[in-house]
Amino acid sequence: MPRIITDRTLVEQQWGILPRKIAYGSRDAFRRGMYPVDDQADVLINEDEWQERINDAHEQRTMPLHHLQKANAPARSQGRTNFCWAYGMALAVEGEELREGKNYIRLAPATLGWLVNWRNKGYYLSETIRGAAERGIASSKYAPDGVSSMAAFKPGWKEDALSHRPSEWWDTIGKSYSVNAMVKQCVSLILNGLPGYIAYNWWGHALAMVGVRWNEKVKNNIEWIAWNSHGDGVITITGDRGVPDEFYALRATK
Amino acid sequence: MHQVFFACLISLFLVSGTLGGDVSILGPDSLEVREADLFHVEGLTAEQFADCIVSVFPKKDKPQVLVLQTLNNKPVLYIKGRTAGKFAVILDVNIVGKYDLVIHELTIGGGPPPPDPTPDPIPGQKWQVVIINESSYIDNLPRGQQNILNSVRFRERLIEKGHKLVLGGVVDQDTKYDPGGVLAPFFVAGKSMLVPRKDELKPIILISALSGGKIYVFPLPKDEAGVFKLLEKGM
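Those protein sequences? They're chains Z and P, same order as listed.
Going by the working numbering, the first sequence opens with residue 169, and the numbers climb by one from there.
Going by the working numbering, the second sequence opens with residue 1035, and the numbers climb by one from there.
Chain Z extracted, bound-state conformation (with noise of 0.2 Å):
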């Protein structure tokens, strides 16, 4: 069963994750593949209907969860690392695999870990997507999870990782622009079937966004489902926290 996150302590346990770098629509964010979803108003779909497409979304089995599950994927750890903005990473890139009809490859995030110097440190989502553009995401089969240093990688890790590079991205406002702009805009990019790149400015703490399930009993009528890196897999988060405040759709890899 999911896990639902009420308890405050966890709140700011851990800051893996650094405020966002590049302007929503700048030339910078374009640079990385980066497209602002509000330039295209169509991607967007009217509260109205969530209910409708949730639900058909859940029977149809179109979200990166379903993806997920049907390739049994586990649960991660990032152990004592902060690295939270690597395996959110990885785990969007691991869903858009899946989504774009590949085999389920486990990603090592910690050979994104030259993006802070093979420090134990947190990191820009931002300068994650140039990062894992640039030189990839290696298999798991090169690298454990939990480790923040490349002592125990296997040789061929950087070759590899050029075969899991994520291409393309919607981009969204930001949840401290407008919160009920961001719920339309995550809502929408998870029923267009991609996994998202979140942020989570409350817990300091970076995810994959997975999923979306209906619920009338909470706030926005949303109940946000993420795949979290601390041992747990696929948690639900509801009310003005499920919200993201950064949200990055994969929609592509190369």
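If you are wondering where the hints come from, they were derived from the structure by calculation, not from laboratory data.
Note that the structure is a prediction, hence the values are computed from the model and not measured.
One side only, chain P facing chain Z, incomplete, derived with CB under 7 Å:
#: 1; residue: Ile1172
#: 2; residue: Asp1173
#: 3; residue: Asn1174
#: 4; residue: Asn1181
#: 5; residue: Asn1184
#: 6; residue: Ser1185
#: 7; residue: Leu1199
#: 8; residue: Gly1203
The calculated lysine-lysine pairs, modelled on DSS-like cross-linking and capped at a C-alpha distance of 25 Å, are:
#: 9; chain 1: Z; residue 1: Lys270; chain 2: P; residue 2: Lys1198
#: 10; chain 1: P; residue 1: Lys1195; chain 2: Z; residue 2: Lys270
#: 11; chain 1: P; residue 1: Lys1198; chain 2: Z; residue 2: Lys238
#: 12; chain 1: Z; residue 1: Lys309; chain 2: Z; residue 2: Lys422
#: 13; chain 1: Z; residue 1: Lys238; chain 2: P; residue 2: Lys1160
#: 14; chain 1: P; residue 1: Lys1225; chain 2: P; residue 2: Lys1267
Note that the Cβ used here is the ideal one computed from N, Cα and C, for glycine as well.
Fit chain P to the known structure of chain Z by using the hints.
Structure of chain P alone, referenced to chain Z:
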């Protein structure tokens, strides 16, 4: 009217090279539809760069021109062919206090796609399937087509009926496929259909017998039932 104006622009270009003094656009004279290239802009000062305006004539069905930007501190234009035709890429540049036009003639090639072939009727034929789409247009597709692209259930039903989705077989048209890989022959077969038409970038489905052989290309049916009808047509 457009053609007359266009002819005038091109004649002026042919006479003077550029109207804008020493500023010129360097790049190919032709592109194919969906092909892109960088066009270098020579002789543009930093001040001219700051207030230069880029436009394309005729505006209808114009190529995609991103904002003039710099690459290694040199101004460049990124141009991508959208539809076939002859166009003039125009820079409106302030040269010594007066605005002048710098023009580059560009022909975009690419004809209409050929008619779809029809599979040979082979009783009991099972198919391998590839779907090529433009990932930025998924949201524009009818829900039935979105389900074909995204649904785990659809893929399970495909297998139940003895067909299979080729590995990596739901693929963006811009994907750099391995020329020796399993997707390569499908990309080659689908190339003509990948040319955007008036209703741009509709997804296509490519099918080939499980044992290999000829690849057939079709517009993606509107829903799952349409796909299975298509696959059963050859049975």
